[in-house]
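Engineer: Each chain, letter by letter, is given below.
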Amino acid sequence: MMYGAKRIAKYLLGSDIAGRQIAVRPDDTFIVSYPRSGNTWTRFLIANLLFAGQPISFANIERLIPDAEAQSSRYMKRVPGPRVIKSHQYFDHRYPKVLYITRDPRDVAISYYNFSRKYRHIVDDYPLEKYVHGFVTGTLLSSGWGTWAENVGTWMAARSGRPTFLLLRYEDLIANTQTELDKAARFLGLDASPGELSRAIENSSADHLRELEKKEGDVWVTTKNKRSDIPFIGSAAAGKWKSVLPAAAVEEIESTWGNTMAQLRYELVTRKAESMETQLAATAVLREQGQ
Amino acid sequence: MIRRVIAGTKRVFGLHRPGHNLAIFPDDVFLVSYPKSGNTWTRFLVANLLYPDQDPNWSTIDRLIPAPEVMSKRRFERMPRPRVIRTHDAFDPRYKQVIYIVRDPRDVALSQYHHHRKRKLIEDNHPFERFLPRFLAGETNEHGSWKQNVGSWLAARYGDPRFLLLRYEDMLADTRGELASICGFMGVEATPERLSKAVEQSSPKEMRKLEQVQGDQCALTKDTRQDLPFVRTAKAGNWKSEMPASSVAAIEAAWGPLMKWLGYELVSGSQAGPADSTSISAIVGLER
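Taken in order, these protein sequences are the chains called A and B. Sequence positions in the first sequence follow the numbering used here and run 260 to 550. Sequence positions in the second sequence follow the numbering used here and run -13 to 274.
There may be inaccurate statements among the hints.
[Unchecked claim] Once the Cα atoms are required to be at most 30 angstroms apart in a straight line, the calculated DSSO-like pairs of lysine-lysine come out as:
| hint | chain 1 | residue 1 | chain 2 | residue 2 |
| --- | --- | --- | --- | --- |
| 1 | B | K208 | A | K265 |
| 2 | B | K59 | A | K265 |
| 3 | A | K474 | A | K485 |
| 4 | A | K389 | B | K59 |
Hints in this document: simulated from the structure, not taken from any laboratory.
Next up, chain A with everything else stripped away, as it sits in the complex (with noise of 0.2 angstroms):
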């Protein structure tokens, strides 16, 4: 009851979480991912092209490209248009336009589980097997969020293939920043010089990333009251399941995601696609975008 009546004098106030009732306006632009694929590299990328005029940092990046998850629907409100909103949400067909970022599930995995211990939601010594069996059957905290193959396949469902849909994968990302941010840019109608591209890429390196967290992680909304031994900003890699991830887990999530893991071109190790026409149904969409 005590529960009931604080939701509802928030509600009055406006100081409900906007999140999934977010008001929609047409001239926002989204950044989509699952939680642990690059969305705030992404964001800060973005807002450093946006308004290069100021230092990006924890400090101003939710005022700049503010997380429809962390804050109000009265915070929200107050934000002047055209608005760059971050988000997790698996498919809202209200939302006009998304740049949605795509990562390795079995990364996802490894960083989601080290983001578990920050948040304390598990223990160190918590076992990853365990963690990525929850984590493939959407029994986590993160499946409000829809599974991982639930929150990439509906969007891909969706919207592949219209103009006001851009499919990045982090992994890309990580090796032609430049190019991909360029992708990025000009779907957001920005015209951005090489010079500008290489600013905002070095304004958003790992390294520098993970200084400001270290000064900065405290204030941040998403960071504050968490265990700060372990970092927000992970390895910032590509690939580290490969060493990492126990055989077992690596089967499991391909055995569950494996066709839409090959629809976005991540090789499977321990199993094959359903059918070549899958992977050639994929290299079609994402050459219809022009990669």
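Place chain B on chain A using the hints.
Structural biologist: Below, chain B alone, put in the same frame as chain A:
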């Protein structure tokens, strides 16, 4: 501010409609479909099967198998479990047990066109060719486009034992058989007599008869034109005679591969479509 106070007061008493905030139980069963795809008929079928003694009709159906946008939070909390809930939502990860009904989008488009006339959103002489582009873009209702709705569910859940995919067309052809599948899915034991009775009581004829006297008592039909029925032809393939060829071609060009995957024959010959073995995740990712 005033509006928030009124809404807040409603919340205190649980009279607001929970919508997306609906508290969900693990044993809830969701009847999901894009609008105008046979959801109401299925609701009647299931209600007649599960609650035959509660007189399922247009005035009781909103209570027996409610929608989160229509019924109050309090009502949802007082329902006996397991609950059956109906919705037109695109994929929602919180819905674990889902019966999804899909219908040929060419018939859905026609049905929605007539529904818009009934709801006084368009004039009787509104050209279908003007309605269709808005339908394809998902602008004719609040649930996105047909492709987005169907695609999001199939991409996320196809193959999951807790996801039952039914085609409206198959339900028309073999209503008893498909209702038996629903029983199996829900773990409901039904005698042949009980099945037959539910089918009979949910026949379009029966539903039309009830609609004539109770049309103003259901959220779906209240405040709409009473000269046009909600339960219309209840047939498959109306598009063949009623729809302009150019419109048929436009729908098939937009959603051909997914339609073909679902077994809806394409007639405009605009594309070959993917191979039959292609996985659903690849197909729904193909077109807009």
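Engineer: So, against the hints stated earlier in the document, which numbers end up violated here?
Structural biologist: Violated hints (numbers, rising): 1, 4; every other hint is consistent with the structure.
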